Every structure is written in structure tokens, then in C-alpha cells.
Amino acid sequence: MLEILIGGVVVFTLATFLGVELINRVPTTLHTPLMSGANAISGITVVGAMLVAGSGHGWISTVLGFMAVVLAMMNVVGGYAVTERMLNMFRRKP
Amino acid sequence: MSAVVQLCYLVAAVCFISGLKRLSSPATAVSGNRLSGAGMLLAMAVTLLDRAIVSFDVIVAGLAVGGALGLWLARSVKMTAMPQMVALLNGFGGGASLLVGGAEFLRSELVGATLTIDTSIAIQLSLLIGAVTLTGSLVAFAKLQELITGRPITFSGLQVVNGAMFLAIVALSAYQVATPESLLWPFYAVCLLSLILGVLLVLPIGGADMPVVISLLNSYSGIAAAMTGFVIRNDVLIISGALVGSSGIILSRIMCRAMNRSLTNVLFGAFGGDATGGTARSAEGLTVRRTTAEDVAIQLGYAQLVIVVPGYGLAVAQAQHLVRELADQIEKRGGEVKYAIHPVAGRMPGHMNVLLAEANVPYDKLFDMDAVNGDFERADVALVIGANDVVNPAARTDPGSPIFGMPILNADQARSVVVLKRSMNPGFAGIENELFYGPRTTMLFGDAKASLASLVSELKQVG
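Protein sequences, first through last, are from chains A and B.
For the first sequence, the numbering used here assigns the number 1 to the initial residue and increments by one for each residue that follows.
For the second sequence, the numbering used here assigns the number 1001 to the initial residue and increments by one for each residue that follows.
Extracted from the complex, chain A is given alone in its bound form (with noise of 0.2 Å):
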């Protein structure tokens, strides 16, 4: 039972590390755009939203998901729509 707990938390672990040496070489001039990117990325809870939502497991599940399914898209559309819209502005002009 505590395997599959030890296994997420090195993932994570290690995750961690990567994003630290990733986001390190993000250049200042796209940090607001990284931040909305990111943000974007953390959506991903919306896979956990929908498998509430779609589970059929009584009226709360469903209503509960629905709602997590509402503010994490919100978040993943929102956030990849907005990142677009910004680094659309970085593109060098001819």
C-alpha cells in the first residue's frame, strides 16, 4: 500500500528537480508568460475532475465534479489562450 505512495513521492522528488533546472533558464523577459503557461499545466487536475465527474457515483461526485471540471478548464483554456496571446508579442518583428 505505502509503495505506490513512495512511488509518487519520487516522482514527484524528481520532477521537482527537473522544473528547478528547467525553469532556471526561462530568461526574466518571459517570466509573466512562464507564469501564465505554468499555470496552464497545473490544470491538469482537470483529468482528476473528469473521472469525478464521469464516475457515476451519486449526485455530490457529479456536482462536486462538474465544477472541478469548470475551474480547471477554465484554468488550461484560460492559461494557454493568455501564454499564446503574450508570446505572440515576443515574436520579432521584420
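FYI, nobody ran anything at the bench for these hints, they're computed from the structure.
A couple of the hints might just be wrong.
Unchecked claim - Only some residues are given here: those of chain A computed to face chain B with a beta carbon under 8 Å:
#1 F12
#2 N24
#3 P33
#4 L34
#5 M35
#6 A38
#7 I41
#8 G43
#9 I44
#10 T45
#11 S55
#12 S61
#13 A68
#14 V69
#15 V76
#16 V82
To be verified - To be clear about the criterion: a stretch of chain A counts as covered by chain B if any three or more of its residues have a C-beta under 8 Å from a C-beta of chain B, and this derived list gives those stretches:
#17 3–9
#18 15–21
Said to hold, decoys possible - Short derived list, chain A residues pointing at chain B, Cβ under 7 Å:
#19 T28
#20 G37
#21 A49
#22 A72
All values derive from a computational prediction rather than experimental measurement.
We put the CB at the ideal spot given by N, CA and C, even for glycine.
Position chain B against the provided structure of chain A, taking the given hints into account.
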């Protein structure tokens, strides 16, 4: 089937990682963002194949509503309002984690199932971090949107209350984890206390410190997603959450360093509450030299190197496009224009760069503090527009100043300094600025937009 799903999640995680890697240069950043988005699409698509899902209508409805609202937000938000937008999105992420954790708990309570210890711990953490992120972000949003005052709101004993609440949450969570059956009252208590804790943690933090808070809440939203990953045992959530968590922590650290403050000081120091600015030297007896747009235009017209120091006042006045026009005029006359960007020039990390990029300022003219500070000595004019604390020499010289030790832009070392300012009101931190009284400084009072417009037209006339 399950193996395919798992592998697809792995591909999604790889997309997120390569997407972030591509953010290391503005040239590849757009493709990186799209790659990351494609990974998200894949993750969502394979989730629909999961056998645990029996009904799709609720999911589809939720995706449609959330997607439409998200798109509308992203399209309509002004670039100056980006910090609020990110705060709001952080809050949504936290809220989603809270709801998923809550739903999983209530389901087990309903069917009388016993949660394993690791799932139980993960649910408690999901609730706590998700709830704190949700309400904390909403308060940050309200402060940035100026729905409530940007000043720290605090009362004596607040930290004791917060500490007690945190301990209560930990105790209730531990009790829940140790109890085999799922109990409703500790669950509701943990949710409620965590929601209140989020509010009380952000209320005492001043508006000037919001960049740190947003970065930190960004980190929390990632960790909340990772905890949700532990609840539903999904590695892609854990990986993505950890990536976002580390990003937020790095950015908060950069912001803290730029303000020469510790994270603890930002979170618990209630900085900026005292408008008189501690023991800062009084400006009485000092006089400023006023100048006119005509004189400044002549100075700029013959300058070899002009360094523009933009501050948030520039963005508030919506004058970025005029700065760009002014720079075009100077460049047309053979001068060079650089932009010196202090890390806390905007209201969030990198905010000023976005605002200038929106005005079509090429990003290779935007320089970080360390890259540009050596150039001020040979600059003919340092043009300070709407910036204040980030060019205050007291940070270098006056140990009594609240901003002493904060790294600043060396605008005072330029051969001449022109400050565009609405009035002599002190800046956000409420501290007098010696630079304005310096021997090489002249002040051009007025609305930044109007001043810049007259500078542009004057400069066009300089022969």
C-alpha cells in the same frame, strides 16, 4: 488499454517538459506553449477512455462552460491586468484540487469505504493546499483589481490565530487519517478552516509584495495538483504539479532577492503599512529642478545613449506606445535606446517586459538590471518614467531606509537624469527618493502620457 492510457499520460508529461524547455528563448517559446497544450489535449482525450467514466454529458458540459469562460478571460484581459488574471487562474486550479479531493472523500463516506492511509493523507493535503490557494488567490485578485485596499490589513494576534488554525487543521487531518471510517465533521472543519486560513494569510500582505504572493500561490496551485495526483494515483498530475510548484518557488525567490527581503518577511512583515516610510530621511529643505518638454527634447535629440527606466506608473498611464514612438525618434537621429527593467518594475515577474512587448518594443532592447547597470555611466540621459523605489539611491547609502540593501538601477550615475512624474508623491513603498533632488536630475511634472506626447512632438521639431 490501461497501458496505452498510462503511456499517453507519459507522452503528455514529456510534452509539458519540452514545452517548458522551449520557453528558454522567445524564438521557440510559442511552439513550446503549443506543444504543452497538445500534451494537455492528449491527457484529457485519453482520460475519456478511462473505464471508470460512465457518463459523459456532465464532463462535456463542464469542459464547454469552463473552456468558453477561460477563452473569454484570456481574450478580454488587458496586459496591465495580467497579475490579476494569473492570480485568478491560480485560484481556479486550487479550487479544482479542493473539489476533487472533497468529492473523493465524500464518495468514500457515502459508500462506507475505508480509505488507505496514503490516499487519506493525500486527500487532506489536497483540501488544505487547494483551499488556501483558492481563497488566498481570490484575496490577491481583489487587492490587485483594487476591489479592496492594497494596504496590508492586519490586527494584533493575527499570526497567533493563523498558527492556531494551522495546528487545528493538522490535528483534525491527523485524526481523520488515523480513523478507519470517514468522518464528516473533521472534513467540513478542515475545509472551512483552510478557506479562512487562505484569506488571513494574504490579507496582511501589502500591494507592493503581490508579485511574491502570486508566484507563491502559483507554486501552491502546482503542489495542489500534485496532491490530487496522489489522491487519484496519476503520475502525470504529480509530475506537472511538481514542475509548476518548482517554477513558482524559483520566481518567488527571484522577486524576494530583487527586493532584498526574505520570504518570511514578505509573508509576515506587513510591509508598506506605514506610509511615512520608517526612518527615511526627510526631504524638507531640498528643492527639485523643474524642466520643460522642450529642454528635454533637445537633450534627447543630441544624446548618444538614452536608457529608459520604466515603472508601473508608465503602464498605468497606458503610455508604452508613446515611449516606443519617442525611442523611434531618438533612434532616427542616431541615438541608441535601451530599456532597463528592474525585476519588480511591474506587478508580477516579467510584467514590464510584456507591457513593452505589447507596444512593439523589440525584446533585445530590454535589459535586466545586471546587464544594464554598467551602462548608466556612459548614458547621456536616464529617462525615468513612473519608476521610483527601483532607482532610489537610499537603497545603497541609507541604512535607515526601509529599502536599504535592495538592488537598484544605477540611474543616478547617468550624465543627466530626467524624471517624468505626476507629482512629488512618494512611491508605492512610501519612501522619499533622493534621486529627485540630485544635482544631475531634472523633473518633468505631469501625466506620463501627456509629457511623452509633448516630448515626441518637440523632438520632431528639433532641427
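Tested hints:
{"no.": "1", "hint": "F12", "in the structure": "holds (5 Å)"}
{"no.": "2", "hint": "N24", "in the structure": "holds (6 Å)"}
{"no.": "3", "hint": "P33", "in the structure": "holds (7 Å)"}
{"no.": "4", "hint": "L34", "in the structure": "holds (6 Å)"}
{"no.": "5", "hint": "M35", "in the structure": "holds (5 Å)"}
{"no.": "6", "hint": "A38", "in the structure": "holds (4 Å)"}
{"no.": "7", "hint": "I41", "in the structure": "holds (5 Å)"}
{"no.": "8", "hint": "G43", "in the structure": "holds (6 Å)"}
{"no.": "9", "hint": "I44", "in the structure": "holds (4 Å)"}
{"no.": "10", "hint": "T45", "in the structure": "holds (4 Å)"}
{"no.": "11", "hint": "S55", "in the structure": "holds (6 Å)"}
{"no.": "12", "hint": "S61", "in the structure": "holds (5 Å)"}
{"no.": "13", "hint": "A68", "in the structure": "holds (4 Å)"}
{"no.": "14", "hint": "V69", "in the structure": "holds (3 Å)"}
{"no.": "15", "hint": "V76", "in the structure": "holds (6 Å)"}
{"no.": "16", "hint": "V82", "in the structure": "holds (4 Å)"}
{"no.": "17", "hint": "3–9", "in the structure": "holds (count 3)"}
{"no.": "18", "hint": "15–21", "in the structure": "holds (count 6)"}
{"no.": "19", "hint": "T28", "in the structure": "holds (5 Å)"}
{"no.": "20", "hint": "G37", "in the structure": "holds (6 Å)"}
{"no.": "21", "hint": "A49", "in the structure": "holds (6 Å)"}
{"no.": "22", "hint": "A72", "in the structure": "holds (4 Å)"}
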